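Visitor: Given chain S, work out where chain U should sit, using these hints.
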Amino acid sequence: MTKPLHIGFIPLIDAAALIVAVDKGFTEAEGLDVSLVREVSWSNVRDKLNIGLFDAAHLLAPVAIASSLGLGHIKVPIVAPFNLSLNGNAITVSSALHAAIMAELDGDRFDPMATALALSRVVATRRKNGAEPLTFGMTFPFSTHNYQLRFWMATGGIDPDEDVRLVVLPPPYMVESIASGQIDGFCVGAPWNSIAVDRGVGQILHFASDILARAAEKVLAIRQDWSEKNPEPVAALVRAASRAAEFVERSKNRAEVARILARPEYVGVDADVILRTLEGRLKISADGTVREISRYLLVGREGAPRPDPVQAAWLYAQMVRWGQAAISSEALTTATAVFRPDLYDAALRIRGEAHRDGPDSVRAFAGPAFDPADLGGYLTSFKVSRRLP
Amino acid sequence: MGAESSPKIAIVDESPIRAAILEEGLREAGFTDVVRISEMQSLLSRIYALDPDVIVIDLENPSRDILEQMFQVSRAVRRPIAMFVDQSDAASIQASVDAGVSAYIVDGLKKERLKPILDLCISRFNAFSKLQDELDRTKSALEDRKVIDRAKGILMKLKGLSEEEAYVLLRSTAMREKKKIGEIAQSILTASELLK
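So the protein sequences, as listed, match chains S and U. For what it's worth, the working numbering labels the leading residue of the first sequence as 9, then goes sequentially. For what it's worth, the working numbering labels the leading residue of the second sequence as 580, then goes sequentially.
Keep in mind the hints are simulated off the structure, nothing from the lab. Predicted, not measured: the structure shown is a model, and the values here were computed from it. There's no promise every hint is true.
What the hints assert, rightly or not - Here are the computed lysine-lysine pairs in the DSS-like style, where the Cα-Cα straight-line distance is at most 25 Å:
no. : chain 1 : residue 1 : chain 2 : residue 2
1   : U       : Lys694    : S       : Lys56
2   : U       : Lys759    : U       : Lys709
3   : S       : Lys237    : S       : Lys56
4   : U       : Lys738    : U       : Lys775
5   : U       : Lys736    : S       : Lys56
6   : S       : Lys291    : S       : Lys260
7   : U       : Lys758    : U       : Lys725
8   : U       : Lys738    : U       : Lys725
9   : U       : Lys694    : S       : Lys83
10  : S       : Lys83     : U       : Lys689
11  : S       : Lys83     : S       : Lys237
12  : U       : Lys759    : U       : Lys736
Claimed, not checked - From the derived model, a few chain U residues whose C-beta atoms are all more than 10 Å from chain S:
no. : residue
13  : Pro595
14  : Ile596
15  : Glu602
16  : Arg615
17  : Leu623
18  : Arg625
19  : Ala628
20  : Arg643
21  : Ala706
22  : Glu713
23  : Lys738
24  : Met754
25  : Gly761
Note that the Cβ used here is the ideal one computed from N, Cα and C, for glycine as well.
Next comes chain S alone, as it looks inside the complex:
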């Protein structure tokens, strides 16, 4: 047994691979002694990882990149040898906003282009009537939730910094805030969208996978210096997480996984709600309408666990588009180097490039194909943006 490892996590379904790895004894089988530490904010997870109170963490992929670039906080290089999840977010809107969007909708209600244009008409009408701008909640400035909301809205011609308000809210406060009318919608991970629907205060408008086919969501984050000094524990963690990710995806295990995650020391919500998420079969409105999409949340399928540097480049591109980072080839190199498929392959003794995606693994619903080699050109094609001067 090596010395005890402390790993931080936020109570969300997409921590499944990490929680199952520890709870089912997969980390122990790898000779690791892991204590999971439940946290209340991403800022805490980041800070405790950065100063060494945590050896590893369940972390928002963009936070790992921002930390490596020194954006918004001190610069601490982070590596991600394992991708804990792809996708898994959804956009939920209040019943009132849902009705307003549907009234303006020209096209399929699951087509993000149609809903974005409808939303933009709702926004224009509100402005004409002197109404307050719509307010949307998301989980962190450096989050896929922020970028997914912005990408979607901006495609409809909405300037997310001018025409609406985007506010950070801790996920457990989202449901309450939409119920009290403080916000009109939000983008958040599971289980919070389902909880809003169950409570009858909102409807799921989009799965984030409607907007981006594949989006790196949470990573297993480790400080670069620690990972260099401790290659064996890092490899052992990757193997345990990989075994857990496969376990989570086997349909015969899903009920057990849901029961584990439901426990109060982990996510602490109803096992039934968790099961719906794992199956990608979500109730999207209080009337019981169910929408099923197999790629709603990917944990151990379709090559999800292998870190994909193209995803890191896309996230960096969003930081540039929305004025969080300046554009430079050095920063792009730093950002892509956070995602470490080499560490993943070495741990699992994979030769060559398994699960190789095409050049554009993100596949957004709009805009040109993403090309990390031409970041500037890619970004110029978007009309709405807030690039730094």
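Guide: Chain U only, in chain S's frame:
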């Protein structure tokens, strides 16, 4: 804010006792402009309205993520806010995270002016945890006394002992088994419950 005036400090803490201890400490140290926020609803707009120079928040508070948004350029921000820490302040972060507190500074306030404020917050937070530990210990001591009284009663009844004899028996057993008197008393209670 004038160069000599006291900076305006906002304390964001859902624990009213800890916030009061912190406020008192700051006032004693000569920081007279202190506001406590315990209501997390629309936190950001309250902070904008208050316009503080320093914001102190406890780390158990999920609303810490809300404050991170203030570093982002947005039309809602009246003046940019930056966390006081930079590359040179890793030791400060360590001390504050250990104590369970985090501080943010508004652009314009000199960094050296924050240092005494943060040091004070750290020591008050540590003092509060100590107080909490003591409270917990007192509580468990009280709990122990109740358990010991009940165990004495059982021994007195079953073995026809006086109260003093019952206590001596408990104490000598605890010494022999190298356990606390409270633990021996608890096992008597458990056994008597089982044998009922």
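Visitor: Please go over all the hints and tell whether each is borne out by the structure.
Guide: Structure-based check of each hint:
1. For the proposed pair lysine 694 of chain U and lysine 56 of chain S, the alpha carbon gap of about 21 Å is at most 25 Å, so the pair holds.
2. Restraint check: the Cα-Cα separation between lysine 759 of chain U and lysine 709 of chain U comes to about 23 Å, which is no more than 25 Å; the hinted pair holds.
3. Between lysine 237 of chain S and lysine 56 of chain S, the direct Cα distance comes to roughly 19 Å. Compliance with the 25 Å bound is thereby established for this hinted pair.
4. Of the supplied pair hints, the one linking lysine 738 of chain U and lysine 775 of chain U holds, its CA atoms being roughly 16 Å apart against a limit of 25 Å.
5. Distance check on the hinted pair: lysine 736 of chain U and lysine 56 of chain S sit about 55 Å apart at the alpha-carbon level, beyond 25 Å; violated.
6. Distance restraint check for lysine 291 of chain S and lysine 260 of chain S: the Cα-Cα separation of roughly 22 Å lies within the 25 Å cut-off, and the hinted pair is therefore satisfied.
7. Distance check on the hinted pair: lysine 758 of chain U and lysine 725 of chain U sit about 17 Å apart at the alpha-carbon level, within 25 Å; holds.
8. Of the pairs offered as hints, the one joining lysine 738 of chain U and lysine 725 of chain U holds, with about 20 Å between alpha carbons and a cut-off of 25 Å not exceeded.
9. Annotation: proposed proximity of lysine 694 of chain U to lysine 83 of chain S holds, straight-line Cα distance about 21 Å (limit 25 Å).
10. For the proposed pair lysine 83 of chain S and lysine 689 of chain U, the alpha carbon gap of about 21 Å is at most 25 Å, so the pair holds.
11. Only pairs whose Cα atoms come within 25 Å are accepted, and lysine 83 of chain S paired with lysine 237 of chain S is accepted, the gap being roughly 19 Å.
12. Distance check on the hinted pair: lysine 759 of chain U and lysine 736 of chain U sit about 22 Å apart at the alpha-carbon level, within 25 Å; holds.
13. No Cβ of chain S comes within 10 Å of the Cβ of proline 595 of chain U; the nearest lies about 19 Å off, and the non-interface call holds.
14. Against chain S, the non-interface label of isoleucine 596 of chain U holds: every CB pair exceeds 10 Å, the least being about 19 Å.
15. The claim that glutamate 602 of chain U lies off the interface holds: its Cβ sits roughly 23 Å from the closest Cβ of chain S, which is beyond the 10 Å cut-off.
16. The Cβ of arginine 615 of chain U sits about 20 Å from the closest Cβ of chain S, beyond the 10 Å cut-off, so the non-interface label holds.
17. With a least CB separation of 7 Å from chain S, leucine 623 of chain U falls inside the 10 Å interface cut-off, contrary to its annotation.
18. Chain S leaves arginine 625 of chain U outside its interface by the beta-carbon criterion, the shortest separation being 13 Å against a cut-off of 10 Å.
19. For alanine 628 of chain U, the shortest C-beta to C-beta distance to chain S comes to about 15 Å, beyond the 10 Å cut-off, and the non-interface label holds.
20. At roughly 4 Å from the closest C-beta of chain S, the C-beta of arginine 643 of chain U falls inside 10 Å, breaking its exclusion from the interface.
21. Even its closest Cβ contact with chain S, about 21 Å, leaves alanine 706 of chain U beyond 10 Å, as expected for a residue assigned away from the interface.
22. Every CB of chain S is more than 10 Å from the CB of glutamate 713 of chain U (nearest about 24 Å), matching its label as outside the interface.
23. No beta-carbon of chain S comes within 10 Å of the beta-carbon of lysine 738 of chain U; the shortest separation is about 43 Å.
24. Consistency note on methionine 754 of chain U: stated as away from chain S, and its beta-carbon is indeed over 10 Å from all of that chain's, at 34 Å minimum.
25. Every CB of chain S is more than 10 Å from the CB of glycine 761 of chain U (nearest about 27 Å), matching its label as outside the interface.
The structure is inconsistent with the numbered hints 5, 17, 20, although it conforms to all the rest.
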